Every structure is written in C-alpha cells, then in structure tokens.
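A.B. asks: Since chain A is already given, all that's left is putting chain B on it; use the hints.
Number of protein chains: 2
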Amino acid sequence: MGEELKLFGVWGSPFSRRVELALRLKGIPYDYMEEDLSNKSPSLLKYNPIHKKIPVLLHGGKPVVESLVILEYIEETWEGNHAILPKDPYERAMARFWARFLDDKCMPAMWMSCWTEGDAQQNFMKESKENLSILEGELKGKKFFGGNAIGLVDIAALFIAHWAGVLQEVAGISLVNEEKHPILFKWIEEFISSDIVVECLPARERLLAFFQAKKETMLATKAPAQ
Amino acid sequence: MGEELKLFGVWGSPFSRRVELALRLKGIPYDYMEEDLSNKSPSLLKYNPIHKKIPVLLHGGKPVVESLVILEYIEETWEGNHAILPKDPYERAMARFWARFLDDKCMPAMWMSCWTEGDAQQNFMKESKENLSILEGELKGKKFFGGNAIGLVDIAALFIAHWAGVLQEVAGISLVNEEKHPILFKWIEEFISSDIVVECLPARERLLAFFQAKKETMLATKAPAQ
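Residue numbers (my numbering), protein chains in the order written: chain A, 110 to 335; chain B, 110 to 335.
Check the hints yourself; a few may be wrong.
If chains are identical, the list can't say which one is meant, so a pair holds when it fits in one copy or spans any two.
Result set (DSS-like, lysine-lysine): computed pairs, CA atoms no more than 25 Å apart in a straight line [to be verified]:
#: 1; residue 1: 162; residue 2: 214
#: 2; residue 1: 135; residue 2: 196
#: 3; residue 1: 249; residue 2: 171
#: 4; residue 1: 161; residue 2: 214
#: 5; residue 1: 214; residue 2: 171
#: 6; residue 1: 162; residue 2: 149
#: 7; residue 1: 196; residue 2: 149
#: 8; residue 1: 196; residue 2: 249
Derived by calculation from the structure, the hints in this document are not laboratory data.
Quick caveat: nothing in here was measured; it's all calculated off a predicted structure.
The following block holds chain A by itself, in its conformation from the complex (with noise of 0.2 Å):
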C-alpha cells in the first residue's frame, strides 16, 4: 500500500496487542505508538475523540478504533495475506459471535473475578467458569479456534491465553484449569508457542509486577477492564 500505518496501544493491554498480532501475522509493517493513559497524547484524543481509548489504528492518516472493528479492516484491506477469517459467510458469522463471546461475557467476568471479594467475587467465578467449559466445548476437535491456522477467535482469545494466568495469580485464585479445561489448557499451550505470538506478548514478569503493583486499588475501586 505504501501508506503509513500507526498503532496507538499501551504494552499491557491485550486489545491493542490483538492488533498487533493480527498485523504480524499477516506480515505488514506498522509504527507503533506508546499511550501514557493517565496522560493521553492530543494525538489519541484526536483520533478516538469519541472513546478515548486504545488501540487506534492509523491508516494513510484514517483512524480505525475498537480493536475487534480494526481486526476486520485488517482483513478487508490485506486479504490476500494469512486469512483471519473463514470464507463462507456462515463460519464468519461464528467467528464473529465467539469474539463477541469474549468481550461480552469471558473477558469482564474474569475480570472481575479477579478484583472483588466475597460473593460478588464467586459468582464472578462461577460465571467465568460456565464460560471457560463453553469455549472448551467450542475448541473441541480443532487445533485452533480458527481450525488449524490462528484466525479472529484465537486473536480475541489472546487475554485467556496470556492475560488470565497472571491475573489469577495476583488474585489467588484459579479459573483455567488443566484439570477442567484440558482442550483449553493445550490451546494456550500451542498458541503461545508460536513464534509470532511471543512477539505479540507482553512479559510474564512485567505484567505481573504491574498488576501486583495495581492490586490494592483495584479491589478498592473494582474498576472495569479498560
């Protein structure tokens, strides 16, 4: 294309490194921008004047926000590359629901497990682990969410996969199980294996740190995902 192509992302945040691996996964070279979210850059605010958050993907000077909206402007604009989404419109449809599936239901109830006490914070558990054994019963069969490449679901995915383990460790609690979730257990296993997504992923090490250094005023303000 030859048009310049900027991310806007924050190096924790699974939605902007959603971004960041589906790019990488179809080889094109981006910039990439870190945001300070207490202090936003008059560039974000200029180019997500609405929601205010990352990612931002600037394209040839056009902005595109929400990261699952990005992901399929990456697809509709680099199609010949490693394809995120099926062809037929009906196994699109699915993907496109399993997606929602995880930021509708998965992601803000294993976030919050993680940072409420007590009932809330069971029935928080219960929730997120009703849909663990959904996306277990989903992956049944397949390498990946996508079939046997990495597609849409397993991009989505990113924050079960590496995420999750770090916040059930600040939290002390446990919701992926091996025990429980073995189809699940070797997704992760597989998918963050991949040479493309370690590139994608933030250090274990660092992103504990960060959320063991957040952990006290989280369960104060029991704040929502960003």
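C.D. replies: For chain B alone, kept in the frame of chain A given last:
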C-alpha cells in the same frame, strides 16, 4: 438459495426488527416465529443455548444469533441485493464502529434514562444527549447514515427512530429534540416514512401501551435492556 429461513423474534424488540428490516430491504422471504420471553420455546433454547435471547435467524437449519452478527451474515449471504454495507474497507469499518456505538453507548444510556429517577436519571440523560449530538454530527450532509440509501447504521439505529419517542413519552422526558437535533429529527422522519421500514415497525400505540404497563416494574427493578 431455496433453504428454509426462519426468524425467532419478539414483536416489540428493536433487535429482531433490525433483522426483519434487513431481510425486507434485500427482498428475502422468511418465516417469523414470535417468542414469549417469559416462557422461551425449546427452539430458542436449542438454537441460542448460550445467550437464550432473540433474535435467532435459522438458515437451512443453522442458527445465527446476535443482531449485528446476523445483519453481517445477511449482507454476505445475499450480497447482490440492496447492499447494507459499503464496499470500501474503511467505510465498512466506520459503519461497524457506529453500529457498535449505538449498541454499546446510545441504547443503554437512553434505556436507563427512562427507567431511573433523580441524579441517576440526570446522568443518563446527559450522556444520552451527548450521544445524540455525536450522531447528529455523523449524519450531517447525509440523507441516511448509509449515505443515499439505508445501511447497517440506519438499521442499527431503528431504536432511536421509533422506540425512543415512545419511551420518552412513557418516562415523561425529552431526549431526541427537534430543536437540538434537527438533522437527526429529519432522518427519523425520512427513515420511518419509507414503506419497507414502516412494515417492520411495531404499532406505536401497542408499544406505548406495553411500556406504560411495564413502567412501575421497570422503575422498581431498573432492568437492563433485553
């Protein structure tokens, strides 16, 4: 296609009405099955076991759920008919962004403005008015959100075109205001006077009676949107 096409919906739901509108715009015949949400049918539970919600579009025996996912499925399955998404990847991304803005921001704030009181209501009303001003800006210079023809965003905004006025009347508040949102107001008039759109709308009086009857319960429970 020749394959059986069935829509499970609820007469008063803007979500299943979206699907009806897309199918009618494309001229695709379908069978409609009215669901009773207080006594969900075995079919609904079978075809949407995770969310147990309408709408469900059953095509050749295969279910698609979640209204925005269904709309994209309809677009990709019957591409040749009235296009509800533009061809250009950037414009498609923008349409997806606005559709999600309607679902994630506009609808919840409007709904809660109607079923809360006091400070909570004032805050939701403030948020709703800000959202409406953003939509007003997006519509500027265009006949429809989709340009010259009804597109995905118009379909997603069906709630604002028809339900918002009814709910405002029930709650005794004013959100969509001709003086403050002249462009949005003109869009509503244009949109709901289209023959195909009219065919998809529940009768205003029936909707009004329905929400009036529910008002006390809604105010007491502050129930989120179905």
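A.B. asks: Confirm or reject each hint.
C.D. replies: To see whether the hints hold, each was checked on the structure:
{"no.": "1", "hint": "162 with 214", "verdict": "both (20 Å within a copy, 14 Å between copies)"}
{"no.": "2", "hint": "135 with 196", "verdict": "both (16 Å within a copy, 21 Å between copies)"}
{"no.": "3", "hint": "249 with 171", "verdict": "between (40 Å within a copy, 19 Å between copies)"}
{"no.": "4", "hint": "161 with 214", "verdict": "both (23 Å within a copy, 14 Å between copies)"}
{"no.": "5", "hint": "214 with 171", "verdict": "between (30 Å within a copy, 23 Å between copies)"}
{"no.": "6", "hint": "162 with 149", "verdict": "within (9 Å within a copy, 38 Å between copies)"}
{"no.": "7", "hint": "196 with 149", "verdict": "neither (38 Å within a copy, 33 Å between copies)"}
{"no.": "8", "hint": "196 with 249", "verdict": "within (21 Å within a copy, 35 Å between copies)"}
The structure shown violates just one earlier hint, number 7.
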